[in-house]
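Add chain S to chain E, keeping to what the hints say.
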Amino acid sequence: MAADLVFYFFSAITVGAALGVIVSRNQVHSVLFLILAFFNTAGLFVLLEAEFLAALLVIVYMGAVAVLFLFVVMMLNVDYEDLRKGAIQHLPMGIFVGLVLLAEFAFILSGIHVDGHQVHAQAAAQVSNTMAIGQVLYTKFLLPFEIASMILLVALIGAVVLTHRKRKGVKRQVIADQIARKREDAVELVKVAPGQGA
Amino acid sequence: MPDYLKELLVTIHGLGEGFLGITLWTLVWTVIKIVILLAPVLFMVTYITLAERKIIGFMQVRYGPNRVGFWGILQPLADAVKLLFKELLLPEKADKAIFLLAPALTLVPALVAWAVIPFSPGIVLADINIGILYILAISSMGVYGIIMAGWGSNNRFSFLGGLRSAAQMVSYEVSMGFTLIPVVLLSGSLNLTDVVNAQKGMWFAIPLLPMFVIYFISVVAETNRSPFDLPEAEAELVAGFITEYSAMSSGLFFMGEYANMILVSFMGSILFLGGWLPPVPFLSFIPGIIWLGLKASMLLFVFLWIRATFPRYRYDQLMRLGWKVFLPISLAWIFITGLGVLLFGKA
Numbered sequence: 000m001a002a003d004l005v006f007y008f009f010s011a012i013t014v015g016a017a018l019g020v021i022v023s024r025n026q027v028h029s030v031l032f033l034i035l036a037f038f039n040t041a042g043l044f045v046l047l048e049a050e051f052l053a054a055l056l057v058i059v060y061m062g063a064v065a066v067l068f069l070f071v072v073m074m075l076n077v078d079y080e081d082l083r084k085g086a087i088q089h090l091p092m093g094i095f096v097g098l099v100l101l102a103e104f105a106f107i108l109s110g111i112h113v114d115g116h117q118v119h120a121q122a123a124a125q126v127s128n129t130m131a132i133g134q135v136l137y138t139k140f141l142l143p144f145e146i147a148s149m150i151l152l153v154a155l156i157g158a159v160v161l162t163h164r165k166r167k168g169v170k171r172q173v174i175a176d177q178i179a180r181k182r183e184d185a186v187e188l189v190k191v192a193p194g195q196g197a
Numbered sequence: 000m001p002d003y004l005k006e007l008l009v010t011i012h013g014l015g016e017g018f019l020g021i022t023l024w025t026l027v028w029t030v031i032k033i034v035i036l037l038a039p040v041l042f043m044v045t046y047i048t049l050a051e052r053k054i055i056g057f058m059q060v061r062y063g064p065n066r067v068g069f070w071g072i073l074q075p076l077a078d079a080v081k082l083l084f085k086e087l088l089l090p091e092k093a094d095k096a097i098f099l100l101a102p103a104l105t106l107v108p109a110l111v112a113w114a115v116i117p118f119s120p121g122i123v124l125a126d127i128n129i130g131i132l133y134i135l136a137i138s139s140m141g142v143y144g145i146i147m148a149g150w151g152s153n154n155r156f157s158f159l160g161g162l163r164s165a166a167q168m169v170s171y172e173v174s175m176g177f178t179l180i181p182v183v184l185l186s187g188s189l190n191l192t193d194v195v196n197a198q199k200g201m202w203f204a205i206p207l208l209p210m211f212v213i214y215f216i217s218v219v220a221e222t223n224r225s226p227f228d229l230p231e232a233e234a235e236l237v238a239g240f241i242t243e244y245s246a247m248s249s250g251l252f253f254m255g256e257y258a259n260m261i262l263v264s265f266m267g268s269i270l271f272l273g274g275w276l277p278p279v280p281f282l283s284f285i286p287g288i289i290w291l292g293l294k295a296s297m298l299l300f301v302f303l304w305i306r307a308t309f310p311r312y313r314y315d316q317l318m319r320l321g322w323k324v325f326l327p328i329s330l331a332w333i334f335i336t337g338l339g340v341l342l343f344g345k346a
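Protein sequences appear in the order of chains E and S.
Residues 0 to 197 in numbering that gives the first Met the number 0 are what the first sequence lists, from first letter to last.
Residues 0 to 346 in numbering that gives the first Met the number 0 are what the second sequence lists, from first letter to last.
These are calculated hints, taken from the structure and not from any lab test.
No residue lacks a Cβ here, since even glycine has one placed at the ideal position from N, Cα and C.
Here are a few chain E residues that sit away from chain S, every Cβ distance over 12 Å (derived from the structure):
{"hint": "1", "residue": "His89"}
{"hint": "2", "residue": "Ala102"}
{"hint": "3", "residue": "Ile107"}
{"hint": "4", "residue": "Val135"}
{"hint": "5", "residue": "Leu142"}
{"hint": "6", "residue": "Phe144"}
{"hint": "7", "residue": "Lys165"}
{"hint": "8", "residue": "Gly168"}
{"hint": "9", "residue": "Glu183"}
Below are the DSS-like pairs computed for lysine-lysine, each with C-alpha atoms no more than 27 Å apart in a straight line:
{"hint": "10", "chain 1": "S", "residue 1": "Lys32", "chain 2": "S", "residue 2": "Lys5"}
{"hint": "11", "chain 1": "S", "residue 1": "Lys81", "chain 2": "S", "residue 2": "Lys53"}
{"hint": "12", "chain 1": "E", "residue 1": "Lys167", "chain 2": "S", "residue 2": "Lys323"}
{"hint": "13", "chain 1": "E", "residue 1": "Lys181", "chain 2": "S", "residue 2": "Lys323"}
{"hint": "14", "chain 1": "S", "residue 1": "Lys95", "chain 2": "S", "residue 2": "Lys85"}
{"hint": "15", "chain 1": "S", "residue 1": "Lys345", "chain 2": "S", "residue 2": "Lys199"}
{"hint": "16", "chain 1": "S", "residue 1": "Lys53", "chain 2": "S", "residue 2": "Lys85"}
{"hint": "17", "chain 1": "E", "residue 1": "Lys181", "chain 2": "E", "residue 2": "Lys170"}
{"hint": "18", "chain 1": "S", "residue 1": "Lys323", "chain 2": "E", "residue 2": "Lys170"}
{"hint": "19", "chain 1": "E", "residue 1": "Lys139", "chain 2": "S", "residue 2": "Lys345"}
{"hint": "20", "chain 1": "S", "residue 1": "Lys95", "chain 2": "S", "residue 2": "Lys81"}
{"hint": "21", "chain 1": "E", "residue 1": "Lys165", "chain 2": "S", "residue 2": "Lys323"}
Okay, chain E solo, but in the shape it has when bound (with noise of 0.2 Å):
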């Protein structure tokens, strides 16, 4: 009955905070309110036991990934009302997408699967399901995890790659120099006789 109402309270929060993201014309108001629908979710993670992912949509997904997304939307200074012109020829394809989720909801919520097993996991009760996970994630999922991880870093290296560059003329520090300098390099004492000083 209580879990009930705190289920309905955060979905109730998570559908608003959603639909906040797609109606609200300031984009920074949209992106808090993506951070708020993942909030909630976390929630709705920790109603179903599943407090580890529960911290882990938390530290990654709110504490990193929205965080830049905040920091690239607050920098750019997009005019919304030009972007807004175009978006009825979008419109068809938009139906699409739109259309494709709901077949997979319907999908899930009907529960065929596609090798038809019609089995629903089971929650692990037995252990704390932080060690659920890694029993799970270190043996039978080990080749997917890896490569997940291969992945993620080509796309980190990617990205250094494709913004690095080196410039002429940059001034940079450089802590070595500034260690090694020692004080006959920078001082000279002159010993300048009365009347001879320039």
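Positioned in the frame of chain E, the structure of chain S alone reads:
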């Protein structure tokens, strides 16, 4: 816990359930527990400001506040009254909702994180399995208050200060997160009570000394304290994201900062200094909560000491330290700890 206290608690529970029914009473009882937890935290937040001014005063051979009350003991109250009665200014072109939400979003995570801090065996509001992850998750939310303050003020200085601070917090969160992994490896649990119990033989600060040092420096940076207080660098950014805030709204930012400072000091004591465990077993007649308080106070003192000692870092130096020094060291130490656990077993 003495018997008469237990009986009292049972009586209170009985009365509450009788009056309110079990569901509502659970809710009310939780609220009571939250108040009992947060009242001392807020008291500490108030008085750490006095401690800071007094300690830095003594370090600079002056008295610090000594006018309001004996030895300046009422100074924090006077400050609070002043902040409350000042005018709350709202900039004309600010994004009102975001501008007003930002201070609250800075303070709330700093208070919510206290839910999982164990003060003594069994004295913890929520003894959850993923305590360390919970702290990391909640502390990663603190950055939003600052970004929103910077952007919502609609002021270039504020915006720059907010972005700086956000970049700083995100960067140092990475190295802070990595310093916690060796602790988790050694204790084999994400639960903070288990982490403390695993330190019965030896405090983690001894095998993980470099991690403890990196943890402490990272949290100094993460709480935006001196010498990493670049967001408010008053000489260049006129106080950064706080520029447009006045009265209690800026007071909330400061409360958030101090609450975070106290929180990370308690976390440091729990993760590395054995939490409520006494340094030597025969001192265990002193209650654990006092040991934890002493250790956290010691770390807090170091916070203030650092502030009185070091000049401010430059921004590029700060980023270099976080990404090029702390990150590789803490990453390497994860592997070293892993090897150690493999060879010698857990703590």
